[in-house]
Amino acid sequence: MEALRERKRAEAEAIGVDADYISSFVERFYGKIRDDDLLGPIFAERIGDWPTHLDRMKGFWRSVLHASGEFAGNPMVKHIAIPGLEERHFAHWLQLFYATLREKEPHGEAMQEVANRARMIADSLLTGIATQRRGLAGARAGEKLPRL
0 MEALRERKRA EAEAIGVDAD YISSFVERFY GKIRDDDLLG PIFAERIGDW PTHLDRMKGF
60 WRSVLHASGE FAGNPMVKHI AIPGLEERHF AHWLQLFYAT LREKEPHGEA MQEVANRARM
120 IADSLLTGIA TQRRGLAGAR AGEKLPRL
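Numbering follows numbering that gives the first Met the number 0, in which position 63 of the sequence shown is assigned residue number 62; successive positions increment by one, without gaps.
Below 25 angstroms or equal to it, Euclidean Cα-Cα: the simulated SDA-like pairs (lysine to any residue) are:
{"hint": "1", "residue 1": "K7", "residue 2": "H106"}
{"hint": "2", "residue 1": "K31", "residue 2": "M119"}
{"hint": "3", "residue 1": "K7", "residue 2": "G107"}
{"hint": "4", "residue 1": "K77", "residue 2": "A114"}
{"hint": "5", "residue 1": "K31", "residue 2": "K57"}
{"hint": "6", "residue 1": "K57", "residue 2": "Y97"}
{"hint": "7", "residue 1": "K77", "residue 2": "K143"}
{"hint": "8", "residue 1": "K57", "residue 2": "H106"}
{"hint": "9", "residue 1": "K31", "residue 2": "H78"}
{"hint": "10", "residue 1": "K57", "residue 2": "A109"}
{"hint": "11", "residue 1": "K31", "residue 2": "I120"}
{"hint": "12", "residue 1": "K57", "residue 2": "E104"}
{"hint": "13", "residue 1": "K7", "residue 2": "M75"}
{"hint": "14", "residue 1": "K57", "residue 2": "A80"}
{"hint": "15", "residue 1": "K143", "residue 2": "Q111"}
{"hint": "16", "residue 1": "K31", "residue 2": "H52"}
{"hint": "17", "residue 1": "K77", "residue 2": "Q94"}
{"hint": "18", "residue 1": "K57", "residue 2": "M0"}
{"hint": "19", "residue 1": "K57", "residue 2": "H78"}
{"hint": "20", "residue 1": "K31", "residue 2": "P74"}
{"hint": "21", "residue 1": "K103", "residue 2": "Y29"}
{"hint": "22", "residue 1": "K103", "residue 2": "S23"}
{"hint": "23", "residue 1": "K57", "residue 2": "L84"}
{"hint": "24", "residue 1": "K77", "residue 2": "A90"}
{"hint": "25", "residue 1": "K103", "residue 2": "A90"}
{"hint": "26", "residue 1": "K57", "residue 2": "I81"}
{"hint": "27", "residue 1": "K77", "residue 2": "S67"}
{"hint": "28", "residue 1": "K57", "residue 2": "M119"}
{"hint": "29", "residue 1": "K103", "residue 2": "P145"}
{"hint": "30", "residue 1": "K7", "residue 2": "S62"}
{"hint": "31", "residue 1": "K57", "residue 2": "S23"}
{"hint": "32", "residue 1": "K143", "residue 2": "M119"}
{"hint": "33", "residue 1": "K77", "residue 2": "P145"}
{"hint": "34", "residue 1": "K77", "residue 2": "G30"}
If you anchor each label on the Cβ, the simulated ranges turn out as follows:
{"hint": "35", "residue 1": "E5", "residue 2": "E142", "range": "27 to 37 angstroms"}
{"hint": "36", "residue 1": "L3", "residue 2": "E86", "range": "26 to 36 angstroms"}
{"hint": "37", "residue 1": "V76", "residue 2": "G107", "range": "30 to 40 angstroms"}
{"hint": "38", "residue 1": "G30", "residue 2": "G134", "range": "29 to 39 angstroms"}
{"hint": "39", "residue 1": "F70", "residue 2": "R27", "range": "18 to 28 angstroms"}
{"hint": "40", "residue 1": "M0", "residue 2": "R45", "range": "24 to 34 angstroms"}
Just so you know, the hints here were simulated from the structure itself, not pulled from any lab data.
Glycine included, each C-beta is placed from N, C-alpha and C at the ideal position.
With the sequences and hints as input, model every part of the structure.
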């Protein structure tokens with residue numbers, strides 16, 4: 000397992016996605032989220048301690064992009080508990096994510112890899128919420144989410 004983590008981290012770092020890049024990206028992205036008319040209020044209702052949240056998100060993205068294994072949590076449960084979340088919220092989240100990626104792309108391959116992971120996460124969360132609400136009818140909820 001440790002060898003896999005080391006390989007994933009080395010592959011990410013080779014295309015510019017190191018811990019410093021992830022930290023900077025998370026700070027810039029969540030700055031956009033906080034200022035956003037659609038998503039800002041949703042986050043503001045739930046996050047009282049932004050430095051702690053940002054640290055968690057940095058750990059989450061290192062886990063996703065470096066296979067670091069440091070994130071412990073259940074994003075699905077957290078998102079299912081938010082009333083009214085729907086496709087437009089996830090699509091907008093992705094648009095902000097992609098815009099942040101384009102600002103300081105370390106490498107075209109890196110931008111695509113990070114974007115693909117973000118879309119996969121948004122799709123998974125949206126599908127989980129839709130399935131929870133509508134049963135199997137929600138199983139393809141994320142199909143129309145934007146791609147980079």
